[in-house]
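Peer 1: Sequence:
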Amino acid sequence: MKHAASQLLLIAPPGCGKTEVLAMRAEYLVNEGLVRPNRRLLAITYSKRARDNMAQRIQNRLGYQRTKRFVTIQNFHGLAGRIVRAHGTTLGIPHDVEFPTRRWLASTMSKHTGDWDLKKETDRLLRTLKSSAINDAHLHRLVVESKNDLAIEVEIERLKQNRLDYPDLLRHAQRLLLIPEISELYQQHFDALVVDEFQDLSTQQLDIVSRVCARNAIYVGDPLQGIYSWAGAEPETVLKSLTSRCSERIDLDISYRSSPQVLTMVNAASSDLGAPPLSAADPNAWVSPAGHALAFDFVDDSAEAAAITRVVTHINKEYPQESIGIITRSGFRRKLIDQELATVENLPLQVWDMALDTPGLLPILRRAAQGIRRTPRIGDQLSMLRKRAVELIGDDDVDTMNEMDDALQLLAERANSGDSIRDMLARFKEVSVSEEVGPGIHLLNAHIGKGQQFDWAIVIGLEEGHVPDFRSLSAQDYEEEERVLMVMLSRAKRGLIVTRVGSVTTQYGTKKPKKSSRWWTALEAVSESPSSAMLHVVNGTR
Numbered sequence: 007m008k009h010a011a012s013q014l015l016l017i018a019p020p021g022c023g024k025t026e027v028l029a030m031r032a033e034y035l036v037n038e039g040l041v042r043p044n045r046r047l048l049a050i051t052y053s054k055r056a057r058d059n060m061a062q063r064i065q066n067r068l069g070y071q072r073t074k075r076f077v078t079i080q081n082f083h084g085l086a087g088r089i090v091r092a093h094g095t096t097l098g099i100p101h102d103v104e105f106p107t108r109r110w111l112a113s114t115m116s117k118h119t120g121d122w123d124l125k126k127e128t129d130r131l132l133r134t135l136k137s138s139a140i141n142d143a144h145l146h147r148l149v150v151e152s153k154n155d156l157a158i159e160v161e162i163e164r165l166k167q168n169r170l171d172y173p174d175l176l177r178h179a180q181r182l183l184l185i186p187e188i189s190e191l192y193q194q195h196f197d198a199l200v201v202d203e204f205q206d207l208s209t210q211q212l213d214i215v216s217r218v219c220a221r222n223a224i225y226v227g228d229p230l231q232g233i234y235s236w237a238g239a240e241p242e243t244v245l246k247s248l249t250s251r252c253s254e255r256i257d258l259d260i261s262y263r264s265s266p267q268v269l270t271m272v273n274a275a276s277s278d279l280g281a282p283p284l285s286a287a288d289p290n291a292w293v294s295p296a297g298h299a300l301a302f303d304f305v306d307d308s309a310e311a312a313a314i315t316r317v318v319t320h321i322n323k324e325y326p327q328e329s330i331g332i333i334t335r336s337g338f339r340r341k342l343i344d345q346e347l348a349t350v351e352n353l354p355l356q357v358w359d360m361a362l363d364t365p366g367l368l369p370i371l372r373r374a375a376q377g378i379r380r381t382p383r384i385g386d387q388l389s390m391l392r393k394r395a396v397e398l399i400g401d402d403d404v405d406t407m408n409e410m411d412d413a414l415q416l417l418a419e420r421a422n423s424g425d426s427i428r429d430m431l432a433r434f435k436e437v438s439v440s441e442e443v444g445p446g447i448h449l450l451n452a453h454i455g456k457g458q459q460f461d462w463a464i465v466i467g468l469e470e471g472h473v474p475d476f477r478s479l480s481a482q483d484y485e486e487e488e489r490v491l492m493v494m495l496s497r498a499k500r501g502l503i504v505t506r507v508g509s510v511t512t513q514y515g516t517k518k519p520k521k522s523s524r525w526w527t528a529l530e531a532v533s534e535s536p537s538s539a540m541l542h543v544v545n546g547t548r
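Residue numbers for the sequence shown follow our numbering, beginning at 7 and rising by one.
Everything labelled a hint here was simulated from the structure, so no lab data went into it.
Note that the coordinates shown come from a computational prediction; the quantities given were computed from them, not determined experimentally.
For every residue, glycine included, the Cβ atom is placed at its ideal position computed from N, Cα and C.
There could be a bad hint or two in this list.
[Claimed, not checked] When the alpha-carbon atoms are kept at most 25 Å apart in a straight line, the in silico DMTMM-like pairs for lysine to aspartate or glutamate are as follows:
#  : residue 1 : residue 2
1  : K341      : E351
2  : K517      : D278
3  : K393      : D411
4  : K153      : E190
5  : K126      : D102
6  : K126      : E242
7  : K341      : E163
8  : K518      : E346
9  : K518      : D303
10 : K126      : E163
11 : K74       : D58
[As the list claims (entries may be wrong)] The calculated label-pair distances, taken between Cβ atoms and stated as ranges, are:
#  : residue 1 : residue 2 : range
12 : A531      : R75       : 47 to 57 Å
13 : G120      : D429      : 30 to 40 Å
14 : L165      : S250      : 33 to 43 Å
15 : N44       : N66       : 41 to 51 Å
16 : Q415      : V305      : 32 to 42 Å
17 : P445      : S537      : 22 to 32 Å
18 : S389      : R433      : 36 to 46 Å
19 : S478      : R379      : 50 to 60 Å
20 : E254      : I162      : 30 to 40 Å
21 : I260      : R75       : 25 to 35 Å
22 : R75       : D483      : 19 to 29 Å
Produce the entire structure from the sequences given, and follow the hints as far as they go.
Peer 2: Written out as structure tokens, the structure is:
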């Protein structure tokens with residue numbers, strides 16, 4: 007992307023080629039010599055999957071060697087982890103401090119209370135208090151002043167365990183970058199900056215990345231895809247800040263991902279948010295095979311599960327090279343579908359909730375498992391495997407470390423008597439890093455799937471309590487839930503199917519009536535009438 011602005015803002019709705027634009031920008035900055043010899047371009051993404059996708063896109067343009075020479079690609083926790091590990095002792099942070107794990111905060115709070123509302127309130131309080139560059143003593147005073155006993159207990163335990171939680175990692179990285187000598191060190195190292203999905207940043211994260219690199223920056227994202235406010239994201243505040251600092255803004259409105267039929271439904275979901283309507287870059291490209299946008303209403307989730315299983319089996323048979331994403335707002339709503347699909351033989355399934363499906367993780371574990379004897383009990387083998395894997399990964403790669411711990415937990419749950427670690431790892435298929443999701447059926451939830459695309463997306467559960475989520479209490483919550491819906495719908499390239507049911511199965515096996523989602527009517531109104539062939543598949547009449 008050839009553009010001379012040193013601070014550039016790009017608004018990119020779903021499917022408008024955002025990642026490719028970022029890769030083009032990286033190519034331009036390197037080719038024009040704006041990344042000088044022995045300096046680097048820093049590309050920041052919001053997740054490990056996005057990081058891997060970005061790496062491949064840039065490598066496709068620059069080649070492996072030039073990418074390795076000029077480009078560093080990180081997500082925020084990875085960047086913060088490296089800063090803290092490299093310079094933390096400057097602030098008295100022990101070099102052996104434990105880095106964050108996903109389950110620590112939840113499990114620590116659960117030891118003290120079972121009150122879900124209190125835990126949610128405490129999580130929000132701690133995130134808020136840690137969103138500025140304060141030291142532990144100052145933080146402790148604020149926590150005590152809050153009179154939240156659970157927060158006080160959590161912080162006492164965190165310090166006792168010599169541990170950081172995710173917000174601690176960010177506040178300490180920010181504290182370190184406020185030291186001129188440290189920020190100057192990074193600004194001498196990085197000549198250019200590429201930030202993906204700026205709407206997922208907090209103001210604290212924006213400050214961190216701005217202190218790491220101050221020139222040749224491009225910030226790309228879409229405030230209407232901001233779905234991480236629960237994790238501290240501040241899309242409106244960040245957009246306002248970027249608008250004031252960036253000399254130029256570019257808005258995209260052409261979709262290179264989706265068929266006109268899919269876009270009709272995406273536009274119906276996003277119009278209330280004030281999003282400009284998207285149009286397909288080449289409508290004629292979707293004539294054969296045709297694009298589709300369908301809506302199905304089922305009596306209950308059992309009927310839905312049977313019908314969806316028939317539909318994806320049919321699509322997989324007719325188009326074996328196409329990908330099908332079955333997406334829910336929350337994993338529980340997909341339970342019966344998962345169970346039904348598991349009964350179909352030879353159906354290519356990937357569950358994105360499984361840590362061992364994380365691209366690149368299985369080879370690391372297999373390498374670490376070499377030479378581990380089968381004689382120790384499985385728990386000892388897993389401990390040895392983790393120790394070796396940490397040496398390969400590096401504990402400052404926080405997200406990969408957490409995925410590894412999830413994978414080891416999965417292995418422990420699935421171990422059979424007499425298994426060795428190598429036997430267990432051999433049962434799983436390696437998932438490659440690819441900008442294109444592979445063929446077959448993919449089961450995932452909304453937040454995991456952000457940034458991905460599928461030939462077909464089947465968005466399940468357009469009922470009140472699921473979409474929007476039952477925890478939504480305010481107008482702001484409902485607006486974010488509508489953005490979550492738009493993100494799910496916009497994963498589709500050729501075909502999009504949405505569903506709702508009249509009742510869902512409770513944990514006790516009874517049926518609970520459900521109302522249609524407040525957005526169902528608008529989606530159903532723009533859906534097409536299914537063909538007789540599709541109706542036969544859905545109804546199981548052939």
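Peer 1: Would you mind marking each hint as holding or not holding in the structure?
Peer 2: Results for each hint:
no.: 1; hint: K341 to E351; in the structure: holds (18 Å)
no.: 2; hint: K517 to D278; in the structure: violated (33 Å)
no.: 3; hint: K393 to D411; in the structure: holds (11 Å)
no.: 4; hint: K153 to E190; in the structure: violated (39 Å)
no.: 5; hint: K126 to D102; in the structure: violated (29 Å)
no.: 6; hint: K126 to E242; in the structure: holds (23 Å)
no.: 7; hint: K341 to E163; in the structure: violated (35 Å)
no.: 8; hint: K518 to E346; in the structure: holds (20 Å)
no.: 9; hint: K518 to D303; in the structure: holds (16 Å)
no.: 10; hint: K126 to E163; in the structure: holds (18 Å)
no.: 11; hint: K74 to D58; in the structure: holds (14 Å)
no.: 12; hint: A531 to R75: 47 to 57 Å; in the structure: holds (53 Å)
no.: 13; hint: G120 to D429: 30 to 40 Å; in the structure: holds (39 Å)
no.: 14; hint: L165 to S250: 33 to 43 Å; in the structure: holds (38 Å)
no.: 15; hint: N44 to N66: 41 to 51 Å; in the structure: violated (24 Å)
no.: 16; hint: Q415 to V305: 32 to 42 Å; in the structure: holds (37 Å)
no.: 17; hint: P445 to S537: 22 to 32 Å; in the structure: holds (23 Å)
no.: 18; hint: S389 to R433: 36 to 46 Å; in the structure: violated (20 Å)
no.: 19; hint: S478 to R379: 50 to 60 Å; in the structure: holds (52 Å)
no.: 20; hint: E254 to I162: 30 to 40 Å; in the structure: violated (49 Å)
no.: 21; hint: I260 to R75: 25 to 35 Å; in the structure: holds (33 Å)
no.: 22; hint: R75 to D483: 19 to 29 Å; in the structure: violated (46 Å)
The structure fails hints 2, 4, 5, 7, 15, 18, 20, 22 (numbered hints given earlier, in ascending order).
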